[in-house]
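Participant: Chain by chain, the residues:
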Amino acid sequence: MSDDKGMIKIRNLHKVFGRDLHVLAGIDLDVHTGEVVTILGPSGSGKSTLLRCINFLEEPTAGTIEVDGVAIKAGEKSSDHAAKILDIRKKTGMCFQAFNLFPHMTAIANVIEGPVTVLGQSKKEAIPYAEELLEWVGLSDKRDEYPARLSGGQQQRVAIARSLAMKPKIMLFDEPTSALDPELVGEVVDVMERLAEEGMTIIAVTHEMHFARDVSTRVFIMDGGNWIENGPPGEIFTNPKEKRSQQFLAHIL
Amino acid sequence: MDQLNSVAERGIPSEALEVMKRIDARRRNFSINLKISLAVMVGLLIGSLVVLGLDFKFMGKWLGFILTGLGFTLLVSVCAISLACIFSVLGALGRLSRNPILNGMATLYVSLIRGTPLLVQVYMWYLALPQIGGALQNLGFTGIQKYLTLPAIPAGIMALAVCYGAYMTETVRAGIQSIKIGQNEAAKALGMTDGQAMRRVIFPQALRVIIPPVSNEFIAMVKDSSLVSLMGVWELSFRAIKIGRRYFQSLEMLVLVAMIYWVMCIILQTIQERIEKHMARGERGEHG
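The listed protein sequences derive, respectively, from chains A and B.
First residue of the first sequence: 1, per our numbering; consecutive thereafter.
First residue of the second sequence: 254, per our numbering; consecutive thereafter.
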């Protein structure tokens with residue numbers, strides 16, 4: 001399982017909301033260790049839903065999802081289903097559009113929350129690495145601030161540090177810069193870029209063009225709940241094959 | 254003059270100063286006038302009591318005796334609100350539970366208790382429960398009656414706790430549901446179980462929302478604790494009513510006991526404001 005370097009393997013993934021809102025229509029996706037994948041697509045095409053299915057914030061309706069050797073089939077009734085979901089969540093970090101920092105905790109308390117509550121570390125054990133992470137995202141001086149006192153960009157960087165504290169194998173970014181003022185986008189993308197350089201496996205839903213073009217190793221374009229095409233960014237941005245990709249890219253470039 | 258200079262330095266035109274002064278004065282005048290009007294009204298209230306010829310000497314004489322009832326009032330209120338907090342958290346978790354049995358129990362609890370008068374419930378705990386014990390004993394549960402025969406104070410505490418627990422269940426549930434879904438998702442994404450997410454992330458935030466209405470309930474309960482006097486507990490109002498009747502000076506005694514309750518509630522309200530201010534840390538600066 002480890003020799004094919006597959007970090008994420010998704011087969012025939014479907015997600016139906018209610019009775020007939022078919023958001024994901026049979027997605028396949030393979031992501032190898034160290035790959036940086038950007039998912040693009042018009043709004044409502046199912047990008048976020050796909051990301052949220054990977055760590056089971058949305059329960060898939062059909063298909064299988066495998067993350068770092070832990071495979072879950074949608075709708076299976078095995079006794080360890082819940083345990084496997086927790087296992088996958090521990091292996092994946094996620095950053096949200098709205099940051100979702102815990103507002104009643106300081107920056108440092110946010111970062112140690114995962115290791116302390118989920119991994120059972122003592123605060124003492126967790127704090128040195130958390131401080132390291134805050135320094136790595138450039139926020140050592142905001143260690144004891146509450147989220148309400150931080151700018152959006154700072155909040156998102158703390159959120160990234162919070163995810164990294166769990167030492168995830170893969171990071172999921174769900175439009176991490178969409179809620180930010182334009183001048184704050186750079187600081188967050190910069191952190192994501194350094195994360196990619198350090199070899200983190202990343203799947204990002206983002207319209208941030210610098211990240212998509214220069215940082216990611218593969219770009220996927222999605223519409224109507226399935227892929228239109230994918231390939232290295234150089235190819236996708238200069239020479240898209242599908243007409244729908246061309247139309248979409250013409251809009252955002 | 255200092256103010257004028259500093260304003261000029263900041264580049265604010267001098268005609269703006271008049272407007273700023275007026276806005277400032279309006280705010281200051283309001284708070285002064287409010288204090289004056291409150292003082293006048295309290296003065297009128299006291300004055301009218303004097304005009305009515307209230308026997309203040311009599312009130313002073315019995316003040317000590319009535320205040321000894323304060324202990325019972327506080328004992329009952331504090332025990333009852335503590336239990337009510339526990340009941341309401343359990344009730345709220347039940348109301349939010351996806352388990353049909355737990356959810357059903359919590360829903361029935363809230364509906365039944367909120368739908369019946371507290372007065373009836375007090376008698377239920379005090380007078381009817383021993384009868385239930387007797388019936389159960391006849392059915393073969395020997396020795397159960399003595400556990401279901403509650404003395405007045407425990408019966409009163411249970412009645413108040415169960416009743417307020419039901420009202421507060423809805424408060425707590427609403428508080429929990431007011432926390433944005435993203436908080437739960439962020440906790441889940443870290444790998445927390447439902448219980449961990451509730452304990453570490455959702456509930457501490459909900460608490461901040463819940464505190465004001467719960468303090469409100471507590472203030473109401475301090476006054477409803479006078480219902481235990483129905484069972485012959487010598488608490489504040491019971492003492493006042495007894496003395497008032499004995500000497501045909503009910504007005505004095507009722508005014509006196511009302512004042513005691515009022516002062517207690519003002520103190521509680523001050524404590525509530527302190528707690529709220531303390532809990533608001535982390536929110537600070539959100540609007541400025």
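By construction, these hints were calculated from the structure, which means they are not laboratory data.
Just so you know, not all the hints are guaranteed correct.
[To be verified] Think about it this way: if two alpha-carbon atoms lie no more than 30 angstroms apart in a straight line, the pair counts; the simulated DSBU-like pairs of lysine-lysine are:
#, chain 1, residue 1, chain 2, residue 2
1, B, K530, A, K91
2, B, K314, A, K123
3, A, K77, A, K124
4, A, K169, B, K288
5, A, K123, A, K9
6, A, K84, B, K495
7, B, K433, A, K167
8, B, K530, A, K123
Participant: Each of the hints needs a verdict: does it hold here or not?
Facilitator: The hints, checked one at a time:
no.: 1; hint: B:K530 x A:K91; verdict: violated, 39 angstroms
no.: 2; hint: B:K314 x A:K123; verdict: violated, 59 angstroms
no.: 3; hint: A:K77 x A:K124; verdict: violated, 39 angstroms
no.: 4; hint: A:K169 x B:K288; verdict: violated, 63 angstroms
no.: 5; hint: A:K123 x A:K9; verdict: violated, 35 angstroms
no.: 6; hint: A:K84 x B:K495; verdict: violated, 68 angstroms
no.: 7; hint: B:K433 x A:K167; verdict: holds, 26 angstroms
no.: 8; hint: B:K530 x A:K123; verdict: holds, 27 angstroms
Violated hints, listed in ascending order, are 1, 2, 3, 4, 5 and 6; each of the other numbered hints is respected by the structure.
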